[in-house]
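Once you've looked at the hints, go ahead and assemble the two chains, each given alone in its own frame, into the complex.
Given next are the chains, with one letter for each unit.
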Amino acid sequence: MKYLCLIYADETAWQKVPKAEAEKWLGEYFAFGDDIRKSGHYVGSNALQSTNTATTVRVRNGKLSTTDGPFVETKEQLGGYYLIEAKDLNDAIQVAARIPGARHGAVEVRPVREYQRP
Amino acid sequence: MSEDAAERVREMVDAVYRAESRRVLATLIRLLGDFDLAEEALHDAFTAAVERWPDDGVPANPRAWLVSTGRFKAIDQLRRRARFDASLASLADRLGDGVTPAPDVDDDAVEDDRLRLIFTCCHPALPPDARVALTLREVCGLTTEEIARAFLTAPPTLAQRIVRAKGKIRDAGIPYQVPGRTDLPERLDTVLQVVYLVFNEGYSASAGAAVTRPDLSAEAIRLGRLLVELLPDPEVLGLLALMLLHDARRAARTSRDGEIVLLDDQDRSLWDRGQIAEGVALVERALAARRAGPYVLQAAIAAVHAEAATPAATDWAEIVGLYDVLLRLAPSPVVELNRAAAVAMRDGPQAGLSAVDAILARGELGEYHLAHSARGELLRRLGRRDEAIAAYRRALALAAQDPERRLLEKRLHGL
Numbered sequence: 001m002k003y004l005c006l007i008y009a010d011e012t013a014w015q016k017v018p019k020a021e022a023e024k025w026l027g028e029y030f031a032f033g034d035d036i037r038k039s040g041h042y043v044g045s046n047a048l049q050s051t052n053t054a055t056t057v058r059v060r061n062g063k064l065s066t067t068d069g070p071f072v073e074t075k076e077q078l079g080g081y082y083l084i085e086a087k088d089l090n091d092a093i094q095v096a097a098r099i100p101g102a103r104h105g106a107v108e109v110r111p112v113r114e115y116q117r118p
Numbered sequence: 119m120s121e122d123a124a125e126r127v128r129e130m131v132d133a134v135y136r137a138e139s140r141r142v143l144a145t146l147i148r149l150l151g152d153f154d155l156a157e158e159a160l161h162d163a164f165t166a167a168v169e170r171w172p173d174d175g176v177p178a179n180p181r182a183w184l185v186s187t188g189r190f191k192a193i194d195q196l197r198r199r200a201r202f203d204a205s206l207a208s209l210a211d212r213l214g215d216g217v218t219p220a221p222d223v224d225d226d227a228v229e230d231d232r233l234r235l236i237f238t239c240c241h242p243a244l245p246p247d248a249r250v251a252l253t254l255r256e257v258c259g260l261t262t263e264e265i266a267r268a269f270l271t272a273p274p275t276l277a278q279r280i281v282r283a284k285g286k287i288r289d290a291g292i293p294y295q296v297p298g299r300t301d302l303p304e305r306l307d308t309v310l311q312v313v314y315l316v317f318n319e320g321y322s323a324s325a326g327a328a329v330t331r332p333d334l335s336a337e338a339i340r341l342g343r344l345l346v347e348l349l350p351d352p353e354v355l356g357l358l359a360l361m362l363l364h365d366a367r368r369a370a371r372t373s374r375d376g377e378i379v380l381l382d383d384q385d386r387s388l389w390d391r392g393q394i395a396e397g398v399a400l401v402e403r404a405l406a407a408r409r410a411g412p413y414v415l416q417a418a419i420a421a422v423h424a425e426a427a428t429p430a431a432t433d434w435a436e437i438v439g440l441y442d443v444l445l446r447l448a449p450s451p452v453v454e455l456n457r458a459a460a461v462a463m464r465d466g467p468q469a470g471l472s473a474v475d476a477i478l479a480r481g482e483l484g485e486y487h488l489a490h491s492a493r494g495e496l497l498r499r500l501g502r503r504d505e506a507i508a509a510y511r512r513a514l515a516l517a518a519q520d521p522e523r524r525l526l527e528k529r530l531h532g533l
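Chains as they are written, first to last, in our numbering: chain A, 1 to 118; chain B, 119 to 533.
Hint data in this document are derived by calculation from the structure and do not stem from the laboratory. The C-beta atom is built at its ideal place from N, Cα and C for all residues, glycine as well. One thing to keep in mind: the hints can contain errors.
Quick list of in silico lysine-lysine cross-link-like pairs, DSSO-like style, CA-CA up to 27 Å [said to hold, decoys possible]:
| no. | chain 1 | residue 1 | chain 2 | residue 2 |
| --- | --- | --- | --- | --- |
| 1 | A | K87 | B | K286 |
| 2 | A | K16 | A | K75 |
| 3 | A | K2 | A | K87 |
| 4 | B | K286 | B | K191 |
| 5 | A | K2 | B | K286 |
| 6 | A | K38 | A | K75 |
If you anchor each label on the Cβ, the simulated ranges turn out as follows [said to hold, decoys possible]:
| no. | chain 1 | residue 1 | chain 2 | residue 2 | range |
| --- | --- | --- | --- | --- | --- |
| 7 | B | T308 | A | G40 | 26 to 34 Å |
| 8 | B | L447 | A | L48 | 36 to 44 Å |
| 9 | B | L348 | A | D35 | 29 to 37 Å |
| 10 | B | Q278 | A | R58 | 28 to 36 Å |
| 11 | B | R288 | A | E108 | 49 to 57 Å |
| 12 | B | Q278 | A | S39 | 35 to 43 Å |
| 13 | B | Q278 | A | M1 | 21 to 29 Å |
| 14 | B | Q295 | A | Q15 | 39 to 47 Å |
One chain only, chain B, in its complex shape (with noise of 0.2 Å):
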């Protein structure tokens, strides 16, 4: 063969790894029972694709190809290892006695495969660390230096990490499947919680090398969206949309030299509108289901904000009413104090200011530096310079991240 068909050959087999690997590891490790066993058959399959299509043809169905030839080489494996290990030969042989029907890798199959895969790494069984760098790991196929390097890990202890997770769902009988309608909503919600977190992580870019933390949120994106194929449930539609809502915001959030700019300054032309309809699209989707959860209402706000073409343009009394439903279905002082925010906007900065003393009063989010600034920015709206100067003080020193506090000194300097 010619060296341009070799090389045609390699990029095909590029293009089916970056295509379909997770997809066939997926199902290699539902057919094996194992992970690293799964893991090693998907190499050794791959392997043998290099070697083989150049001569014999890229095969009709590389997906089918990969799982059969995967198999056959860990059935091949286990029987070597068996000689050293008895109790691997009957394993091998219940996996390859040539009873067992063809595997099965028709697409829904497949993709069945691919939510146990999710579902058995966010198992709540597992620590929360462990969740995010074993989904990262197995679903998305980032390496454990990539990973190390987004979460400001050193690698071994990342490797650490999913070696140990991988040890439990051994050890513990975690099983591959795809929880029952019961336990569904909770098993979701560690799920969700999961993807939200990469997002974060990337989204927050307060420390590290600034260019790998996008890189997250696009991750959590691609997951977001390979749960909306799988599992288009309403919450599920409401994340994606809310991370597509918060990320088309990216280029407006930091000036050119790294500074926050906050909502009410930032330039709306740089918003990403295809994003946003995207997002707009997937809230409506999702509050048709008539079954609003807490990532629908906070996508569902955001959305708000994004179609609004200046700050006062903005329906403050849609969002006032969105945070009202939030905090019946989950209380929490932070969301009280962003809904105070939206009173403020609504009924005027008395308003806004008699809601943040409440929510002090009670005793909460007292160290909490944002409470703070927007008690300073209030008080600033409403003449009490003193006051407000006081506020902004105690919210610079109970903030620790530099760009919010350069943030704040800058407020202090205005008044």
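For reference, chain A alone in the conformation it holds in the complex (with noise of 0.2 Å):
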């Protein structure tokens, strides 16, 4: 089965990180996706930019509509995502718990629904 795990953290504390602990924490990024790719559950995976950055789309009647900023305001904000191959949800528990950002944000774990064309 896939499943998304989406990081979520406070993006204001991040931003205060000192430069030496934001490069340790890249550096576990980085050996996090190693690990992953060599046990098979890798699938892909990106780091967002921050939320201010966001725009949020609607179309109503067929009139686009967009406003600045995500579409939800919370205290931890998506910041980046993995896709994974996983055997099962414990299985998926067990890489997402592995994910640097679980220890100070948390990860959503989601199963991926796959639809089949009619």
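In structure tokens, the structure reads:
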């Protein structure tokens, strides 16, 4: 099964982290990425720019509206994701627990729903 | 066949249902990979038993017969449905391809299935109330109506909770497996929480029809016994011991008119000695493992109380020592409050009062009525009447449960 691991954390705290600390974190993310490529869990991943770069788009009655900022304002923001292939939820939880962000923020594990083309 | 013989077979099917239906279900879930399909298969297998056993005789191994009959019925069912939903055809083929070896129904495999079922029903990815409902439904075999009545919930609400939980097990890919060694302690903790929650719901009969609630405690004790049989970890032994020791005092805990009787005032001849002996033996077995967890320690404390012939004969030093270990392991202001009460018994009311005041001074438990009633009791023993009255009044203002309120009022009147 495929699972999307969404990493939520307080991005303002991240912006205040000293440079050396930030580099250490990045190193941990790269090491984690290598690990799950080796174990065959990795499908894809990306880190996101902070929410002040976000734009929310809606189309109503054919009319486009754009607003600045994220869809919802929350204390912890979506900062990145891993798409993984796991045997089952227990396997996915084990992988998610190793994402460095799980230690200061939270990781939401969502099974991917696959639709078949009719 | 004579009416008598048919009646005997029906009774036999009933007995097999009571003894084996949960085991058969647990194995069918493993073989079929789906709760609903397995429940249907279980039902079909027993229907077939009622039809066929009177003529064919009761099979030598009823459990194996039920499992393979249920499995074939499920495959048939899937094939029939596959005419409308092509995706089921491959599933039916996979389950019934003839290459798959005969289902494993020896005792070890079946006991593993029961454990798988427990861990799946208590998976931390399910909401806590759903874990309780699912465990009582699937592991204990209670009906949705029985569970709803016990938890004072409307049956449709409870049924919905179970449907959603099964949906999550399927869609989120919660596996049917006993956790590995690394996550076993955390996962076992979730299972024990469910069992203890069921027990407490039955033990503190604060609301509802009083008769249904002891049933919940009995169900929790049955679950505890099953777990001890399947996975005799010290904490599992500890939880069963704790439940047995608490439950042993049930008859003495309330007076004939339903009022609370505190430990000190209980008629100890009403305590269930057999259950106490069993609980104490479990505590000793768990302590011998030399890695006592919170359940073992709480059970050990309950055991010291249970073994004292009178309140005065209680080994308070031992109890304080056990609370000290428990606090190091699982710090909690409520445990600290209980420790303070034990200190008062060991070193006198002044020492106990200082301990209670220290907890309250930290701002914790300020809204907890038992902290204030404990304080009131200690002040009363010290002869500080006015302060005792104020403390009991504060407790009364915070207490929500009727029998507890009546007890506090009685104490206030006694001053």
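Unmet hints by their number, sorted upward, for this structure: Numbers 6 and 11, in rising order.
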